[in-house]
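Residue numbers (the working numbering), protein chains in the order written: chain A, 1 to 273; chain B, 1001 to 1232.
No lab work stands behind these hints, which were simulated from the structure alone.
C-beta: ideal position from N, C-alpha, C; glycine also.
Do not take every clue at face value.
[Said to hold, decoys possible] Derived pair list, reagent style DSS-like, types lysine-lysine, alpha-carbon separation capped at 30 Å:
id, chain 1, residue 1, chain 2, residue 2
1, B, 1009, B, 1213
2, B, 1174, B, 1213
3, A, 93, B, 1009
4, B, 1174, B, 1131
5, A, 267, B, 1174
6, B, 1106, A, 160
7, B, 1009, B, 1182
8, A, 93, A, 160
9, B, 1213, B, 1182
10, B, 1182, B, 1107
11, A, 93, B, 1008
12, B, 1106, B, 1009
[As the list claims (entries may be wrong)] Here are some chain B residues the structure puts well away from chain A; computed CB gaps all over 12 Å:
id, residue
13, 1001
14, 1003
15, 1059
16, 1067
17, 1075
18, 1077
19, 1079
20, 1136
[Claimed, not checked] If we take Cβ atoms under 10 Å as the criterion, some of the chain A residues that face chain B in the derived model are:
id, residue
21, 45
22, 46
23, 88
24, 92
25, 164
26, 168
27, 172
28, 173
29, 175
30, 178
31, 179
32, 180
33, 181
34, 183
35, 194
36, 196
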Amino acid sequence: MISRRLLPKKYRRNLTYLAAGILIAGVTLYLALPILALFIRISPDMFFETVHDPNVISALWLSLFTTCITLAVVIVVGTPFAYYHCRYSYPGKVVVDTLIDLPLVLPPAVAGVALLVLYGRVGLLGKYFNMFGMPLAFTTLAVIMAQIFVASPFYLRQAKSLFEQLDPAYEQTARTLGASSLRTLTLVTLPMTATGLISGAVMTFGRALGEFGATIMFAGNLPGVTQTMPLAVYVGMQGNINVGLTISILLVIISFTIMIAVRLIQKREAERA
Amino acid sequence: MLEAVIVKKLRDYTLDVTLTVQPGEVMVLMGMNGSGKSTTLNIIAGLLEADTATITLNGECLCRTGDDLDLPVEDRRIGYVLQNSAVFPHMSVRDNVAFGLRARHKKRPVITERVALWMDRMHIADLADVKAGNLSGGQKQRVALARALAIEPHLLMMDEPFTALDAESTQTAKDLTRRFVKEMQIPCLVVTHRMADCTEIGDRACVICEGRKEWEGCPDEMPEFAPVCHCA
């Protein structure tokens, strides 16, 4: 057997390149092939024909509508929440930190069951809403609530980390210059963390768009009311497979666009730094 | 004139200092890291709360804990320049200098006039439209000084303002600071731990050690041991 040390230098380098090439190609193919298969499985004609299917259009609009509302709620409520959470100490802060992270590791179906147990028609709080004729479960509102529960940690974690990392000297200087805390937040803190916040918002949008488990448990699968794109894929694969494939491709395109947007934002951030 | 009596229990010791700074006078606070210099400035600025404090500026009470009087930080009219300048990197130099004036709702012609005046005085007029994040350390420090003085403060405070600057920028910043403090006749408090800064900029020096005033007097007469602090 030839000792490795006796191999020519060029030969050793080629072996390293070969091993690295196989590994990179293997991982890339593993990730790319299923996506490619989706595009190969359906012809362009069939895709464009199915895109006009009422079920596809309904699921697409419902998904975009609920996801936009989710995003707006997460930004409007989550930004000040993350800000105050970072700036003040209070009892149980560690517990709140854990609760923010919990939906990331919790199976979405469990999140759906938890929401149902609380807000369902006979749920702990839901029965009172039901009493006043405002059922929450199995409505479009339930879709939004499920999306917020599952996707908000992406934004909250990002916002929390950005506010924690921002040098307090900027805010302190703004205050001594005569700016109120609101003016300091809007003119100094938010612009200085904007790129990171947008990046977190885009990830939240993507996660909310792809939400399935919690939605089907808490909101059900009612076409036009609670059947979002991932749910329509599930139904499509059990009946009209072209519907399932078409919506899947749409979701891949949207997700890919989201990831490109995040990459561009991060690149801009790096260039600015 | 600034008069401050401050007591605050810190982790390892109690900060207990009394300061008086006359109009047009530069007082340098010296001492080791963690001796309570920056905490003193932050309490005067209103960014930190003291256990007991009586702070008056030109006869106006900023804080008197006994009577529960505490003027909000934004109403104290104190120009505060921090170690890293803290210029807002997303704003232009012009917007940085105008920040305090806009926050105080000054009229637009007043803002324009005063911003132009201070940019000119600090030799940053040619950088007016440059994003502050792209400036050098010395330029940032001059922007921070212009921004702090543009609001016509009743007190100027600087926390280790020369630490990150090269020799030339340090000299420029010191000259400008002294010149305008004298011209505007405002009291000035500068925190530093460099003896050269102390003698060049200070009219009076005060050495703080573990929260207590160890020595006070003319910088040239400072005993050799004082800045090191005997408890080091």
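Against the structure, the hints come out as follows:
1. B:1009 with B:1213: Since the Cα atoms of residue 1009 (chain B) and residue 1213 (chain B) sit roughly 15 Å apart, the hinted pair holds (cutoff 30 Å).
2. B:1174 with B:1213: holds, 24 Å
3. A:93 with B:1009: holds, 25 Å
4. B:1174 with B:1131: holds, 24 Å
5. A:267 with B:1174: violated, 39 Å
6. B:1106 with A:160: violated, 34 Å
7. B:1009 with B:1182: violated, 35 Å
8. A:93 with A:160: holds, 13 Å
9. B:1213 with B:1182: Given that 30 Å is the threshold and the Cα spacing comes to 25 Å, the pair holds.
10. B:1182 with B:1107: OK: residue 1182 (chain B) and residue 1107 (chain B) at ~27 Å, within 30 Å.
11. A:93 with B:1008: Holds: residue 93 (chain A) and residue 1008 (chain B) sit about 26 Å apart, inside 30 Å.
12. B:1106 with B:1009: violated, 39 Å
13. 1001: holds, 19 Å
14. 1003: holds, 19 Å
15. 1059: holds, 20 Å
16. 1067: holds, 23 Å
17. 1075: violated, 8 Å
18. 1077: violated, 8 Å
19. 1079: violated, 7 Å
20. 1136: holds, 16 Å
21. 45: violated, 49 Å
22. 46: violated, 49 Å
23. 88: violated, 14 Å
24. 92: violated, 23 Å
25. 164: Cβ of residue 164 (chain A) sits 17 Å from chain B, so the hint is violated.
26. 168: holds, 9 Å
27. 172: Nearest chain B Cβ about 5 Å off; hint holds.
28. 173: Hint on residue 173 (chain A): holds, closest Cβ of chain B at ~4 Å, below 10 Å.
29. 175: Check passed: Cβ of residue 175 (chain A) comes within 5 Å of chain B, closer than 10 Å.
30. 178: holds, 4 Å
31. 179: holds, 4 Å
32. 180: Given a least distance of 6 Å, the restraint on residue 180 (chain A) holds.
33. 181: holds, 8 Å
34. 183: holds, 6 Å
35. 194: holds, 8 Å
36. 196: violated, 13 Å
Hint violations for this structure: numbers 5, 6, 7, 12, 17, 18, 19, 21, 22, 23, 24, 25, 36, all remaining hints satisfied.
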